[in-house]
Amino acid sequence: MSLASLTADRAIVVCCGSGGVGKTTTAAALAVEGARRGRRACVVTIDPAKRLADALGLDSLTNTAGRIDVDPSWPGELWALMLDTKSTFDALVSRYAGEPEQAARILDNRMYRNIAGALSGTQEYMAMEKLFELHDEGRFDLIVIDTPPTRNALDFLDAPRRLTRFLDNRWFRIVVMPTRAYLKAVSVATQAFLRTVSRVVGNQVVSDAVAFFQAFEGMEEGFRNRAQAVLELLSDDNTAFVLVAAPRRDAIEEAAFFADRLRESNIDVEALVVNRVHPRFEVERSGARERARTLHGTPLEPLYENLADFSEIAEREEANFADLTGRLDGASVTRVPFLADDIHDLDGLVTVAGYLMS
Amino acid sequence: MIIVAGKGGVGKTTVSAALARMAARAGLQALIVEIEGKSGIGNAFGRTTPLDYHEAVVADGVRARTLTPDDALVEYLEAHGMRRISKRLLSSGAIDVVATAAPGIKDILVLGKVKQLERDQVADLIVVDAPAAGHAVTFLASAHGLLDAVQMGPIRSQAQDVIDLLTDSSRCQVLLVTLPEETPVNEVVETAFQLEDRVGVSLSAVAVNGIYSHIDGLDVDPETAAADAGVFLRPHEAESLRNAAAFRGHRQGLQADQAERLAKALPLPQLPLPFLFSSEVGPAQIDVLADALAAGIEAL
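Chains as they are written, first to last, in the working numbering: chain X, 32 to 389; chain L, -2 to 297.
Please keep in mind that the hints were generated in silico from the structure rather than gathered at the bench.
Since the structure is predicted, the reported quantities are computational estimates derived from the model, not experimental observations.
There's no promise every hint is true.
[To be verified] Keeping only pairs whose Cα atoms sit at most 16 angstroms apart, straight-line, the calculated EDC-like set for lysine to aspartate or glutamate is: (1) Lys81/X / Asp67/L; (2) Lys81/X / Glu178/L; (3) Lys84/L / Asp68/L; (4) Lys81/X / Asp268/X; (5) Lys117/X / Asp78/X; (6) Lys81/X / Asp145/L; (7) Lys84/L / Asp57/L; (8) Lys261/L / Asp161/L; (9) Lys117/X / Asp139/X.
Generate coordinates for the entire structure from the input sequences, incorporating the hints supplied.
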């Protein structure tokens, strides 16, 4: 599916890929294109480079969408939001807590604060939670979301499950419910186990954990259902996944890993964007390196050596992503050239959008 | 011990490999420790099987191994007479709960093991291929965080030992890696200050990766050069040569600007490493980069 039709028709576009490949810029440029096509578009970013954040008016972590002033001739709207993992998580806890006191107890718990900030996959999970929330509100008809720049970025696919599994942890469930008679025997063994853990890491850590699980009692169901709804939204026909990569071999290998993981979750990559592609200067393959050798000692030698450098890198890059596109059946492929400067204003994003649509 | 740190995609793993190779060629025994199971080091040395917890010889004078938190935990518990509990901790998921209750505990287990390797002098130089930038700071700062969270016990003394190692510049230093581009430069500057402030580790240098090497004689116009050489250029050829030369010149200018900006923001020696046009990273390219590192250090 071409990026032009994705930005024109879909409700959600998820950009994934490894760090440093221009994912945030790509996501922002797709939202810009959406706005130019008359859509109310919002880009949700995780950790934008500072100057791009400034350009999008994202100078603080507000966790709410801010409208960006654009060319008044654009028929649509452009909004941007920078994800604040912790406040998204806090809102989720408040939503599912039985009463305000339960929410307060959880939000105060030291272990909860660690989870909200550090549990592997929390950021990924909250990005998807925020996406769900924005989609649910119905204020935007195109939401483009940037995923965190880690190899674990696809943890959002199982982060909700991981959290519920975490909440279901057998050892702690037993500690929380020690009164049930038939669990007494297990409970003794568990207490011994926890004592050993305390010996290694200290009492405080274990008592924080126990308090946390007690505070969370009864909320698992709500979390589980919400997680299910988020996963359904991600597999919806109105949601498209765009894989962003750089043509270096390691970045392509990462991209292939992402594509495989998505496929395991029955999600197809609909478009591949390869950023930072080196230009090709030779009209036909003419063996510049050999020419340099035959012209050794003449002023043409360095010119051919240089041309050969670029021919070789272009050829390698082409081979690298030919390999990847072979594995992504049906995905459109868009190449964006190596841009001389970083993108940090709306005009720059319009330029990138131009490449993405070509 | 040298910890190689930088954001993803800047070539941290390649630089780790080149650094180890450079040490080996100077007659030292080097060990590369790859944190978290990335497969980069093995690939760089042309291995087809992934590295694991056991050391493998990857090149002359260079050994390499991985170090994951789970392995480090099992080894730690076994060494402390808790073999049985280690299996239960992992299989029950209780370790995830503990790691969440005291974040950084997994990092400290890994760093504790690294510290032990350093103490045992298993190699003349230990190169640690650290997690990507933001994570590197969290990873290395974990010991400080744990001193607050864990009041007593073996983990606390482990954290103290790790801090002693990280803050002793005669035992341990950080080599930063970046690219001569705007965002990577901004990020490496930020990482550098955070590492100094939050970890107290000493920074040795910044490897600036992907520099377009200079070619003399690119400012000559191809038509003139052809006339001088008595050669006839095919149609389009002059234009290809001219555009390619202009592109290299333009990019080199941008790279020089970024290197200069980096020098102003970060008073550390820079070690320039060439961009590899002709082939993917393999053992031969690692040697090229090892030479460049050695030349860069020589020039300081």
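Within a Cα-Cα threshold of 16 angstroms, do lysine 117/X and aspartate 139/X meet the stated pairing?
-> holds, 13 angstroms
Can the restraint linking lysine 261/L and aspartate 161/L be considered satisfied, given a maximum Cα separation of 16 angstroms?
-> The hint is violated at about 30 angstroms.
Verify the proposed pairing of lysine 117/X with aspartate 78/X, using a straight-line Cα cut of 16 angstroms.
-> holds, 14 angstroms
Are lysine 84/L and aspartate 68/L close enough, with their CA atoms no more than 16 angstroms apart?
-> Holds - the C-alpha atoms of aspartate 68/L and lysine 84/L are around 11 angstroms apart, at most 16 angstroms.
Can the restraint linking lysine 81/X and aspartate 268/X be considered satisfied, given a maximum Cα separation of 16 angstroms?
-> Violated: lysine 81/X and aspartate 268/X sit about 34 angstroms apart, past 16 angstroms.
Given the proposed pairing of lysine 81/X with glutamate 178/L, does the C-alpha separation stay at or below 16 angstroms?
-> Measuring from Cα to Cα gives roughly 14 angstroms; hence the hint holds.
Is the hinted pair lysine 81/X and aspartate 67/L satisfied, with a Cα-Cα distance of at most 16 angstroms?
-> Answer violated: lysine 81/X to aspartate 67/L is near 35 angstroms, above 16 angstroms.
Restraint check for lysine 81/X with aspartate 145/L, where alpha carbons must lie at most 16 angstroms apart = violated, 31 angstroms
Does the structure keep lysine 84/L and aspartate 57/L at a Cα separation of 16 angstroms or less?
-> violated, 37 angstroms
Comparing the model with each numbered hint stated earlier shows that hints 1, 4, 6, 7 and 8 do not hold.
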